[in-house]
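Here's the letter readout for the chains.
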Amino acid sequence: MTKSYNRKLLGGVAATIAALGFMAGSAAAEELTVYTAVEAEDLKRYAEAFNEVHPDITINWVRDSTGVVTAKLLAEKDNPQADVVWGLAGSSLLLMKKENMFETYAPAGVDQLDSRFRDNSDTPVWAGMDAWVAAVCVNTIEAEANNLPMPTSWADLTKPVYKGHIAMPHPGSSGTGFLDVASWLQMFGEEDGWAYMDDLHENIGAYTHSGSKPCKQAAAGEVAIGISFAFRAAKSKAQGAPLEIVIPSEGVGWEMEAAAIVKGTDSLDAAKKLMDFIVSKPAMEHYNQGYAVVAMPGVSKPIEFYPENITDSMIAMDFEWSANNRDAILAEWTNRYDSKSEPKE
Amino acid sequence: MANVTLPKSRREVKPKASSDDWTMRAFMLMIGTYLVVALAFPLYAMLSKSFEDKDGVFIGLDNYINYFSTPALFNSIENSVFISVVTMVITVTLAFFYAYALTRSCMRFKGFFKIMAMVPILVPSLLPGIGLIYMFGKQGYLNWMLFGYEIYGPLGIVIAEVFFTFPHALLIIMTALAISDGRLYEAATVLRASKWKIFWTVTLPGARYGLISAAFVVFTLVITDFGVPKVIGGQYNVLAVDIYKQVIGQQNFSMGAVVSVVLMIPAIFAFYVDRQVQKKQVAQLSARAVPYEPKPNFRFDTLMMSYSSIVVLIIVTILATCQFAALVKFWPYNLDIGLQHYNFDLMDGGGWDAYYNSIKMALWTAAVGTIVVFTGAYMVEKGRGFDQGRTLFQFLAMMPMAVPGMVLGLSYIFFFNNPDNPFNFIYGTMAILVVSTVTHFYTVAHLTAMTALKQMDKEFESVSQSLQQPFYKMFLRVTVPVCTPAVLEIAIYLFVNAMTTVSAVVFIYATHTQLASVAVLNMDDAGDIAPAAAMGMMIFYTNAIARVLHMFVAKALEKRTQAWRQR
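Going line by line, the protein sequences match chains A and L. The first sequence runs 1 to 345 under this note's numbering. The second sequence runs 346 to 912 under this note's numbering.
What the hints contain is simulated information worked out from the structure, not anything from laboratory work. Each hint should be verified, as a subset may be incorrect.
Distance windows between CB atoms, simulated [said to hold, decoys possible]:
id: 1; chain 1: L; residue 1: Glu423; chain 2: A; residue 2: Lys163; range: 54 to 64 Å
id: 2; chain 1: A; residue 1: Gly189; chain 2: L; residue 2: Phe614; range: 43 to 53 Å
id: 3; chain 1: L; residue 1: Gly683; chain 2: A; residue 2: Pro160; range: 37 to 47 Å
id: 4; chain 1: A; residue 1: Asn60; chain 2: L; residue 2: Leu658; range: 25 to 35 Å
id: 5; chain 1: L; residue 1: Thr662; chain 2: A; residue 2: Pro149; range: 35 to 45 Å
id: 6; chain 1: A; residue 1: Lys77; chain 2: L; residue 2: Pro830; range: 52 to 62 Å
id: 7; chain 1: A; residue 1: Ser115; chain 2: L; residue 2: Thr774; range: 38 to 48 Å
Dumping the calculated DMTMM-like pairs for lysine to aspartate or glutamate here, alpha-carbon to alpha-carbon at most 20 Å [as the list claims (entries may be wrong)]:
id: 8; chain 1: L; residue 1: Lys674; chain 2: A; residue 2: Glu41
id: 9; chain 1: A; residue 1: Lys72; chain 2: L; residue 2: Glu397
id: 10; chain 1: A; residue 1: Lys77; chain 2: L; residue 2: Asp765
id: 11; chain 1: A; residue 1: Lys77; chain 2: L; residue 2: Asp400
id: 12; chain 1: A; residue 1: Lys77; chain 2: L; residue 2: Asp365
For glycine and all other residues, C-beta sits at the position ideal for the given N, C-alpha and C.
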């Protein structure tokens, strides 16, 4: 190919794009509405990284807790508002896949991902990003002041000595809360799992709306122990909070963050470009700033204060089971524990 | 409502409507349509939603049966009533003595004490909750004062609600104490009644309507408030938070509608009693009454000033705590001062844009609201014809007082988010936030306008009519200038409340229209309490500046428009 030919081609393409742009009104500045449950402080960074590759596509974030975003997407099923979901619990996406809410698309380079982090079916709809892992934040100063021994296991947390000292996220609104509940049910079995939560409930001081709040509260000493996730714990510790990050000895539940294109989007091409970026190496490097385990093998670098060897503690989670039983689990949970309205003795 | 029924003779001889009358009727229709679309239709949509299941199928009373067979839900009724009654008793008592100090003593700095007592109006109700966490939470610097009791729960709710409702009660009780008849005191003194006896037989009975009215206003404010229990309620469920949890936490709109209907019952009841009492209070003042003049009494005045100082100290402490906490790097472990909590763009809630949106929204609310409310009040008070329409309008204008903000917001989802609704296009825009806020605060603004308009003689209208001037000329050239103080008062009232309200907007804001007050809520939800305090204080400063500006503008305009009042 000669240079002049190249230039002609470029010119032609430019003219065509300009013409198309003229016809479409403002195709140049395309906008995508992206639903997410990613921590607010990461969103700007993610969008900037994407705009380095595609400066012409603007991302409009709609962020909330996992439960809220999930419920919102389900509620809007017949009249979807989102174009792409970027950063929502894998079990939520599985649930919506069953409802046929996503566009089938295998992003370019998705085969580079660890097979646990990609949709291996004939009609792939979702792609994984990273894993977030349960962890327990213990405020060392508060623990000492209240004579609380350092817990080492989930079972420890049901000891009477911790009564009122533990905060945990509400599984209805928080993805972290739901993965905790799902992991206990899978680890201990259904019957023992509920029995465990009955005991734990006795010690819970507050159920919070979001998954990061228990750890932030523990960091600030408002509670002694917060059931949260490892990334949040490491971050609060890095800010100077007197925290000990405990990975319970029975193993910890985890959940994948994943992405998918919402069926019926007006901007399918832009959405595909975004999906390609989501599974790309630069994106993975961004996820790695917060998450030690990312979908692409060989990318991950250690994170300050992030518990080492956490991968060994991650239990084998059955996400299909979590997704299929989500409604039933939440209904049962609400029935048992949501009525903590009586002032505690 | 009685005041708009025209004399009977009017009905017997019906004058022919002129073109001016028709213009006026068109205006009435427009303003009336506003209230029907912004209030009556949405509430109807919500009511019918409470009888439907998730897919919109009519299921009769099933939702209600479900509600009343779930202890987690119906226990909240008792909780809500409990905290409302306790707060009512405490606030009214505290506000009574404060009002007593302001009206019946000769203590110094009354102007200062009056202004300071109004400060809580300028902040969102979430803020006192946050302040209490820093004062009495596990790491609070006054935690020892609780003797092991927990601030999260009814205790914290009541303290914060007292802070939040104090100015509202104070205003009402002050008015009641100010209109008492000085002659009664003279008579009592001549009859050698002791001070104590005078207090119980003259002062209290004289202020009884004010006290009852204040009590019900406080009750309504507390039972419909959402900010305080959300922040500091812990696991103590109340109705207003239940609506939020059902709608936002679980997207269960039908149950949210049911709780809304349940919440409206006590609110409407309190509203009804208050209206009855207010009517009586007006009748109490006779034309020959002489205003009471307090006489200096060193011991009494010192006592009253000490009391008022303590109240002001508490108000200032709560706000100062919030400001300090917003500046501290990492409470309680690193008390270095820094501005990093003002980096709102890294938090939930929409960042600094939310703050600018709030100012924009508040300005729109003040501008649109003042025009709609004042014109509406003019039509009711001075309009001609359409008697039944005007009575209905007056009724609609009073209704928002009894509708909790959350209920209004939720009913807007049902009504405006319906694709078949011709007004659907305002959903998700700034306009719907303005409409919701104007409607939510309609009643008080309407009453302010009505009071000002009632002071103007009807003769003005008769004269302009006999001079064959169209009513709008009269309205713009005479009525509005004469009522300037009231118009400005309505504008600032709407601005301040638009800045602080959470409940009226929390269900209907969109990504592009996040608001500062909602950001406070969302940051607190995510555990970022210090930035929440920082944003809350930004709202306070903005409102304080707006108030000061209002004062200057009012003074300047008063010179121009109110000169005729001077001789």
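We went through each hint and held it up to the structure:
1. L:Glu423 with A:Lys163: 54 to 64 Å: 25 Å, violated
2. A:Gly189 with L:Phe614: 43 to 53 Å: 51 Å, holds
3. L:Gly683 with A:Pro160: 37 to 47 Å: 40 Å, holds
4. A:Asn60 with L:Leu658: 25 to 35 Å: With a Cβ separation near 46 Å, A:Asn60 and L:Leu658 fall outside 25 to 35 Å, so the hint is violated.
5. L:Thr662 with A:Pro149: 35 to 45 Å: The hint (35 to 45 Å, Cβ to Cβ) holds, given that L:Thr662 and A:Pro149 are roughly 37 Å apart.
6. A:Lys77 with L:Pro830: 52 to 62 Å: Hint holds: Cβ distance 53 Å, inside 52 to 62 Å.
7. A:Ser115 with L:Thr774: 38 to 48 Å: 45 Å, holds
8. L:Lys674 with A:Glu41: 17 Å, holds
9. A:Lys72 with L:Glu397: 19 Å, holds
10. A:Lys77 with L:Asp765: Roughly 17 Å between the alpha carbons, so the hint for A:Lys77 and L:Asp765 holds.
11. A:Lys77 with L:Asp400: Roughly 12 Å between the alpha carbons, so the hint for A:Lys77 and L:Asp400 holds.
12. A:Lys77 with L:Asp365: Distance of about 52 Å is beyond 20 Å: violated.
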